[in-house]
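Numbering of the sequence shown is given in this note's numbering, commencing with residue 253 and proceeding in unit increments.
Listed next, the in silico DSS-like pairs over lysine-lysine satisfying Cα-Cα at most 27 Å (straight line):
1. LYS372 to LYS464
2. LYS489 to LYS299
3. LYS467 to LYS378
4. LYS386 to LYS467
5. LYS351 to LYS464
6. LYS482 to LYS333
7. LYS489 to LYS507
8. LYS623 to LYS562
9. LYS351 to LYS467
10. LYS300 to LYS464
11. LYS372 to LYS351
12. LYS299 to LYS289
13. LYS366 to LYS562
14. LYS464 to LYS408
15. LYS467 to LYS489
16. LYS333 to LYS378
17. LYS623 to LYS589
18. LYS386 to LYS299
19. LYS289 to LYS507
Hints were generated in silico from the structure; no laboratory data involved.
None of these values were measured; they are calculated from a predicted model.
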Amino acid sequence: MAGRNHLYIPGPTNVPNEILNAMHVTMEDHRSPAFPKLLTPLLQDLKKIFRTETGQAFIFPATGTAGWEVALTNILNPGDKVLIYRFGQFSHLWAEMAKRLGFDVEIHQETWGKGIPLDKLEARLKEDTNHEIKAVLATHNETATGVTSDIGGVRKALSAANHPAFMFVDGVSSIASLDFRMEEWGVDAAISGSQKGFMMPAGGAFLAFSQKALKAVETSTYPRCFLDLKDQMNANKDGYTPYTPALPILYGLRKALDLLLEEGLENVYARHHRLAEGVRKAAAAWGLSICAQPGFESDTVTAIMVPADKDARDVISTAFSRYDISLGAGLSELAGKAFRIGHVGDMNDVSMLGCIAGVEMAMLDNGFDIKPGSGVAAAIEYYRSTAS
Numbered sequence: 253m254a255g256r257n258h259l260y261i262p263g264p265t266n267v268p269n270e271i272l273n274a275m276h277v278t279m280e281d282h283r284s285p286a287f288p289k290l291l292t293p294l295l296q297d298l299k300k301i302f303r304t305e306t307g308q309a310f311i312f313p314a315t316g317t318a319g320w321e322v323a324l325t326n327i328l329n330p331g332d333k334v335l336i337y338r339f340g341q342f343s344h345l346w347a348e349m350a351k352r353l354g355f356d357v358e359i360h361q362e363t364w365g366k367g368i369p370l371d372k373l374e375a376r377l378k379e380d381t382n383h384e385i386k387a388v389l390a391t392h393n394e395t396a397t398g399v400t401s402d403i404g405g406v407r408k409a410l411s412a413a414n415h416p417a418f419m420f421v422d423g424v425s426s427i428a429s430l431d432f433r434m435e436e437w438g439v440d441a442a443i444s445g446s447q448k449g450f451m452m453p454a455g456g457a458f459l460a461f462s463q464k465a466l467k468a469v470e471t472s473t474y475p476r477c478f479l480d481l482k483d484q485m486n487a488n489k490d491g492y493t494p495y496t497p498a499l500p501i502l503y504g505l506r507k508a509l510d511l512l513l514e515e516g517l518e519n520v521y522a523r524h525h526r527l528a529e530g531v532r533k534a535a536a537a538w539g540l541s542i543c544a545q546p547g548f549e550s551d552t553v554t555a556i557m558v559p560a561d562k563d564a565r566d567v568i569s570t571a572f573s574r575y576d577i578s579l580g581a582g583l584s585e586l587a588g589k590a591f592r593i594g595h596v597g598d599m600n601d602v603s604m605l606g607c608i609a610g611v612e613m614a615m616l617d618n619g620f621d622i623k624p625g626s627g628v629a630a631a632i633e634y635y636r637s638t639a640s
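The task is simple: from the sequences and hints, build the whole structure.
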């Protein structure tokens, strides 16, 4: 097929040419006197993305999933109780990881389409008078459902209950795209990955920890090796890594940080909101609902529900095979019931209009009762009226 595949999944996302070019490097000695000039500024500038001054950033040659494990095994102790709300596939997977690692996992089920219920969280924390809960695992942006939770509200719930539990935040599909304030929200462990808002290939786990969390690392008895923060801290203080780094990832990150900081984080957040709002207006024009309930809508991914007599997998298949567009599938409970449009990373208005047009064609090909051009028209009007 002529042209190229158009990637509209919520990760991995499109990689800008500037980042691809930056990653095309020859290998070099990662123990040379020059290497700290690359690594040390990266760790400092990552803190700007996490928006923390007192926290410490880390880079692992791994994925966001490994980031979950880094937080759990470096800060907590075997058998510690953790609390998590399950409202999508990725909060589910984090809970399952904690179980497999031997933690005492308290799972509360929530409706898929909602986020963390702050009133229930506060009440549960107040019940825990013996402070048995050692950490709250908060999924900031649930990629499976297109739901964003209020992380600042989670901190308020902890404070209202006067509870000392750590707050770990899965920000894999939010950090570098959505408003994230590690310092202000009192986040103890912030977890992200290279393949979403950072606009890079998968292979980099980017994390930041509070001083409270780093102090706990010193007393944690959980066995670990490759993912040990102590090894990272010992090597990073001199500008090095404890083992061979993924050099292309580091050079790509340098360019990604430059692009994000040049655009300005507030502008990055605003751009993602505009793109998301255009997709939501298109869905409304098609007469389709989205999975996220009001107040929980994500600005990096939208899960669009299909009518009961349709299968979202047919839309995804047609979009890919006929129009060379990749859409996100509905996961687990949403399999066949929804398709997902990612509007994260290196995207602009015209990028999203191409996606919306392709989705319209795929739905029409599958007999959806929609008016041709309706979603595109709704998005065009919104993008034109809000363009800077």
